[in-house]
Amino acid sequence: MALRAPRVRVLLTMLVVLSGCRTVATGVNERADALLADYRQRRPETIAATSDVNAAWRRGQFTVHLLTQNERTVLERVAVSGRQDHLHVSIDRLGVGEQLRVRLTFTKQPVDRASFEAALSEAWVRQDEKPEIHHLGSVPAAIVELAWRAIERPKTDGGARSVTVPAGVFEGCVDGVHPAVPLSGVVSQRRDGEVRELLEFGDDGSGDLY
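Position 2 (the sequence shown) corresponds to 3 in this note's numbering; numbering is contiguous.
Hints are supplied without guarantee of correctness; some may be wrong.
Unchecked claim - Simulated restraints, written as ranges between beta carbons of each label pair: (1) Leu210 - His135: 20 to 30 Å; (2) Ala115 - Ala35: 37 to 47 Å; (3) Gly138 - Ala49: 42 to 52 Å; (4) Asp39 - Leu137: 32 to 42 Å; (5) Arg114 - Arg191: 17 to 27 Å; (6) Gly138 - Glu72: 36 to 46 Å; (7) Gly160 - Glu130: 44 to 54 Å; (8) Lys131 - Asp158: 34 to 44 Å; (9) Ala56 - Leu137: 21 to 31 Å.
Keep in mind the hints are simulated off the structure, nothing from the lab. Quantities reported herein were computed from a predicted structural model and do not represent experimental measurements. Cβ atoms here follow ideal geometry from the backbone N, Cα and C, with glycine treated the same way.
Given these sequences and hints, build the entire structure.
The structure is reproduced here in structure tokens:
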């Protein structure tokens with residue numbers, strides 16, 4: 002029996018760890034499902050067409066999007082905060098088996114991909130329940146790509162039309178982009194098999210996923 006005890010302890014430890022992982026994942030999934038259900042129950046408002054485009058980032062601006070690809074859904078919140086001469090942008094993602102928090106520092110607001118990479122000076126990244134990792138100067142390519150896709154404001158050249166998403170009825174959308182929406186401006190977008198729909202936006206820093 003003495004020889005078999007360590008093996009039993011190892012098996013029990015593995016069961017506890019696996020059980021803990023399932024509990025964390027289940028909690029994340031339930032949180033995402035509850036938030037999405039709440040957004041879908043809201044009565045959509047109509048956002049009028051406007052020719053005024055204010056793409057300048059301001060403290061408190063935020064968007065919450067639903068990302069869907071291959072029946073997998075993820076909620077993504079992007080928000081801006083400012084301090085002294087730097088801009089701080091947070092990106093939170095919550096979905097099936099995914100919990101990601103990213104904090105980015107920019108020396109100035111970027112206008113394209115090149116200036117985005119040049120202005121990005123540091124990042125704090127926390128995935129699931131792992132410790133937060135600080136990247137100074139060199140930010141991992143995967144985080145750069147994720148952040149750019151979340152922030153990029155697409156160029157538009159199509160005709161205006163009305164688009165309905167959980168965030169409301171947006172009149173005067175051009176290629177799924179509306180001037181009243183901050184940051185990316187995206188109301189509805191399909192890209193590389195992924196559908197992005199706007200759930201909420203504003204300038205009061207709300208829309209938290211956690």
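Outcome of the hint check:
1. Separated by about 22 Å at the C-beta atoms, Leu210 and His135 satisfy the suggested range of 20 to 30 Å.
2. A hinted range of 37 to 47 Å for the beta carbons of Ala115 and Ala35 is consistent with their spacing of about 40 Å.
3. Under the hint 42 to 52 Å, the C-beta atoms of Gly138 and Ala49, about 44 Å apart, fit the expected range.
4. As the Cβ distance of Asp39 to Leu137 is approximately 37 Å, the hint placing it in 32 to 42 Å holds.
5. Range check, Arg114 to Arg191: Cβ separation about 20 Å, and the 17 to 27 Å hint holds.
6. Separated by about 38 Å at the C-beta atoms, Gly138 and Glu72 satisfy the suggested range of 36 to 46 Å.
7. For Gly160 paired with Glu130, a C-beta distance near 47 Å keeps the hint of 44 to 54 Å intact.
8. Look at Lys131 against Asp158: about 42 Å separates their beta carbons, and that is inside 34 to 44 Å.
9. For Ala56 and Leu137, the hinted distance range of 21 to 31 Å is satisfied, since their beta carbons lie about 28 Å from each other.
The structure shown violates none of the earlier numbered hints.
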